[in-house]
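J.: What follows is each chain in one-letter form.
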Amino acid sequence: MDERIVILGAGTGGTLTANRLRRARSDVEITVVDQDDDHIYQPGLLFIPFGLAHTEDLVRSRPRQLHPGIVYHRCAVDRVDIDHDRVHLIDGTELDYDVLVIATGATLQPEETEGLTGPGWRQGVHTFYDLPGATALHTALEAFDGGRLVVNVVDMPIKCPVAPLEFCFLADWYFRERGIRERVRLTYATPLDGAFTKPVASHALAGLLAEKGIELVTEFNTGEVDGAAGRLTSFDERVLDFDLAVVVPLHGGARYVGDSPGLGDALNFVPTDPHTLQSGARPNIFAIGDAASIPTSKAGSVTHFEGDVLVTNIIRFLNGQPLDATFDGHTNCFIESGFGKALLIDFNYDTEPLPGHFPGPVGLPLLKQSRLNHLGKLMFAWLYWHALLPGRDLPGVAADMPHAGKHVPETVGT
Amino acid sequence: MPTATYADAVVAVNDEGFFTEPDEWTPDMAAEIARQVGIDELTDRHWQVITFMRKEYTEKGTGPTVRVLGKTSGVSIKELYQLFPKGPAKLAAKIAGIPKPRGCI
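Here the protein sequences come in this chain order: V and F. In short: position in the first sequence from 1, add 350, done, that's my numbering. Quick note on numbering: my numbering labels position 87 of the second sequence as 75, and the sequence is numbered without any gaps.
Some hints here could point you the wrong way.
[Stated by the list, open to error] In silico contact screen, one side only, chain V against chain F (beta carbon under 10 Å); selected entries:
#1 D377
#2 D407
#3 S411
#4 D480
#5 M506
#6 P541
#7 D543
#8 E565
#9 G573
#10 A578
#11 S584
#12 F585
#13 L600
#14 D615
#15 P621
[Unchecked claim] Calculated pairs, DSS-like style, for lysine-lysine (alpha carbon to alpha carbon, straight line, at most 25 Å):
#16 V:K509 x V:K718
#17 V:K756 x V:K718
#18 F:K43 x F:K66
#19 F:K88 x V:K509
#20 F:K66 x F:K88
#21 V:K691 x V:K548
#22 F:K59 x F:K88
#23 V:K548 x V:K509
#24 F:K48 x V:K509
#25 V:K718 x V:K562
#26 F:K43 x F:K74
#27 V:K548 x F:K48
#28 V:K756 x V:K548
#29 F:K59 x V:K509
#30 F:K88 x F:K74
#31 F:K66 x V:K548
#32 V:K548 x F:K88
#33 V:K509 x V:K691
Hints were generated in silico from the structure; no laboratory data involved. Since the model is a prediction, treat every value here as computed from it, not as a measurement. We put the beta carbon where it would ideally sit given N, CA and C, even for glycine.
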C-alpha cells in the first residue's frame, strides 16, 4: 500500500509541500485539508487599506494551486489523535496517516485582548491582518482627515513582524499624497524594546521612523482597548489616546491544535525542531510555516525555504533514514517604505539582518531604501503563484541564507 | 564578559545584567537581584513565578513571554505586572538567573 501523507492546511506551506512531494515521489498518497477554498496572497493585505490592491487581486482557489494527483478535502479539522495516527474532521471523516504535516498557520485572536472587539471595532479600531479588516480600514482611512493614528502590535509572535512598520511608512506616504500629513500624528507602539528585534535593523528602522515623523513607543504591552473613548492602556498603566487605531491582535495556532493532546504548546503552535522541522509531538509529525514554533519570523519566505528541507526529511523518514538537519532559519522580507521604495532584509538563526546586497555582492540592496526593492516586492506576487506555490525554487535564490554580499558593521549606534 | 557579585559569588552576566550561566544562580541571590531592580521583598507569589521561569528555561531553552507566563504559570498577567512592575518577563528572568527571554523575532 502507498504511504499516506496528510497535510493540514492548503495555504503557502501546505500547498508548496504537497506540490514538492508530488513531484518528488509518485508512490505516496497525498491528502490536503483546508476549511475554506480561498487562498489569499497575504502580503497584499497591507496594500488594501491604501487602495493599492483589491480583494480580487489577492484571492485564488486553494485546490487549483495543487498539482494533479493530490486529494483535497474542504472541511475543518476537529482534532488529531497523535497516538493512533488519525485526523478527525468535523464532518466525521477520519484520515489515517503515515506522516502528518501541520501547515494550518496562525490565527488572529482579537477577543483575547480586553475591549478590542468591543465598541469601536471596525469603526475606530481596525486590523489589516485579514480581508474583512483590511477592507473596513480602507473605508475608515478614506474618511480620516486628521487626528492621531496609532499602529499597535499587541504582543509577539505575529505573522510578518515588519508589516506594522510598513503600514506606518505607507500611512506617512498616503497622507502626504492627500496633502494632509501635517494634520495627522502617527504613532507606532510596540511591545519590543526597539523598532525591531535585531540591533542593526532596529537602528535602521528607528531612523526611518524618525525621518518620517513617526513617533515610536516601545515596551508597550496592550492590556485593554477602549474603542469608544479612543484609548489603549498597557498592563503597566500607560495610556495612548487615538482617533484611529490599527491593531495587530494576538496570534495563536489553529484551534484544533489545542484540542489535540500532546500536539501543541500553550499558544497552539507546534513545538518543532528548528533544523529538521520534525515536531516534538511524534516522530511522524512535521510542521511548516506559521504553525510551527521555531526561533525565526513567521513569514512566507521562511515557509518557502523550509519546503526543501521538509520534503527531504519526509522522504528520509519514510525510508527510515536519519533526517537532514539543515534548515538555517533563512528569512527574507521586503519592507515597503512608501514613495515607490522598499528595503530588503535577509537573515537566519545565526545572522541578524545586515547591510549589503542580496543574493550576492551584486543584487538587491539590503537595509536600504531602493526602488528596485519596491519593484521586487510587486513582482513577487507573480513569483508566489507561479513558482513558489507550485513548489519550485526561485531563480538565483537558494534555501540557505547567503553570506556573500553582506557587510558586518564595525559598531552599531544606539 | 561582564560579571556581577551576588551572595559573595561572582557570576557571568551580559551587558544588560542577565545571567549567561544559569547554573551559577542560587536562590540566595534572588533577593539581592530583586532589590537591585526595585523589588524590596519576594513573596511566595514571586517565588512561584521565579521557579516557573527556571523550569521553563530548563525545558525549553528560553524563558517564557509574558503571555505564556499568564497562561501557564498560575499567575495572571495583571498580577504579574503587580509583582514585577513594568516588564515581568524580563524582570523575573533577571531575578531567576536565566538569560533574557528570546522573545519573538
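J.: With reference to the structure, classify each hint as holding or not holding.
T.: Against the structure, the hints come out as follows:
Nearest Cβ of chain F to the Cβ of D377 of chain V: about 38 Å, over the 10 Å cut. The hint is violated. Given the 10 Å rule on beta carbons, the hint for D407 of chain V is violated: about 29 Å separates it from the nearest Cβ of chain F. Because the closest C-beta pair between S411 of chain V and chain F is about 32 Å apart, greater than 10 Å, the hint is violated. Here the hint on D480 of chain V is broken, as its CB sits about 20 Å from the closest CB of chain F, past 10 Å.
For the restraint placing M506 of chain V at the interface with chain F, the shortest Cβ-Cβ distance is roughly 3 Å, inside the 10 Å limit, so the hint holds. Hint on P541 of chain V holds. Least Cβ distance to chain F is approximately 8 Å, under the 10 Å limit. A least Cβ separation of about 9 Å between D543 of chain V and chain F falls short of the 10 Å threshold, and the interface hint therefore holds. Proximity of E565 of chain V to chain F is violated relative to the hint, the smallest CB-CB distance being about 20 Å (cut-off 10 Å).
With a cut of 10 Å, the hint placing G573 of chain V at the interface with chain F holds, because the nearest CB-to-CB distance is about 7 Å. Taking 10 Å as the C-beta contact cut-off toward chain F, the hint placing A578 of chain V at the interface is violated, the least distance being around 22 Å. Against a cut-off of 10 Å between C-beta atoms, the interface hint on S584 of chain V holds, since the closest Cβ of chain F lies about 9 Å away. Hint status for F585 of chain V relative to chain F: holds, with the closest Cβ pair at about 4 Å, below 10 Å.
The criterion of a C-beta within 10 Å of any C-beta in chain F is met by L600 of chain V, whose closest approach is roughly 7 Å, and the hint holds. Because the smallest distance between the Cβ of D615 of chain V and any Cβ of chain F comes to about 8 Å, under 10 Å, the interface hint for this residue holds. With a least beta-carbon distance of about 8 Å to chain F, the hint placing P621 of chain V at the interface is held under the 10 Å criterion. Simply put, K509 of chain V and K718 of chain V have alpha-carbon atoms about 22 Å apart, close enough for the 25 Å limit, and the pair holds.
Straight-line distance between C-alpha atoms of K756 of chain V and K718 of chain V comes to about 13 Å, which keeps the hinted pair within the 25 Å bound. Under the criterion of a C-alpha separation no larger than 25 Å, the hint pairing K43 of chain F with K66 of chain F is consistent with the structure, at around 22 Å. Proximity of K88 of chain F to K509 of chain V is assessed by CA-CA distance (about 22 Å); at most 25 Å being required, the pair is judged to hold. As the CA atoms of K66 of chain F and K88 of chain F are separated by approximately 21 Å, the hinted pair is consistent with the 25 Å bound.
At most 25 Å may separate the alpha-carbon atoms for a hinted pair to count; K691 of chain V and K548 of chain V meet this at roughly 22 Å. Between K59 of chain F and K88 of chain F, the direct Cα distance comes to roughly 19 Å. Compliance with the 25 Å bound is thereby established for this hinted pair. For the given pair, K548 of chain V sits about 17 Å from K509 of chain V by alpha-carbon distance, which is consistent with the 25 Å threshold. Taking the CA atoms of K48 of chain F and K509 of chain V, the gap is about 22 Å. The hint holds against a cut of 25 Å.
Taken as a hint, the K718 of chain V and K562 of chain V pair is honoured in the structure, with Cα atoms around 15 Å apart against an allowance of 25 Å. Of the pairs offered as hints, the one joining K43 of chain F and K74 of chain F holds, with about 23 Å between alpha carbons and a cut-off of 25 Å not exceeded. A distance of roughly 21 Å separates the Cα atoms of K548 of chain V and K48 of chain F; the hinted pair therefore holds under the 25 Å criterion. Among the hinted pairs, K756 of chain V with K548 of chain V is consistent with the structure: their alpha-carbon atoms are about 15 Å apart, no more than 25 Å.
Simply put, K59 of chain F and K509 of chain V have alpha-carbon atoms about 21 Å apart, close enough for the 25 Å limit, and the pair holds. At most 25 Å may separate the alpha-carbon atoms for a hinted pair to count; K88 of chain F and K74 of chain F meet this at roughly 15 Å. Proximity of K66 of chain F to K548 of chain V is assessed by CA-CA distance (about 28 Å); at most 25 Å being required, the pair is judged violated. A hinted pair counts as satisfied when its Cα atoms are at most 25 Å apart, and K548 of chain V with K88 of chain F qualifies at roughly 14 Å.
Taking the CA atoms of K509 of chain V and K691 of chain V, the gap is about 22 Å. The hint holds against a cut of 25 Å.
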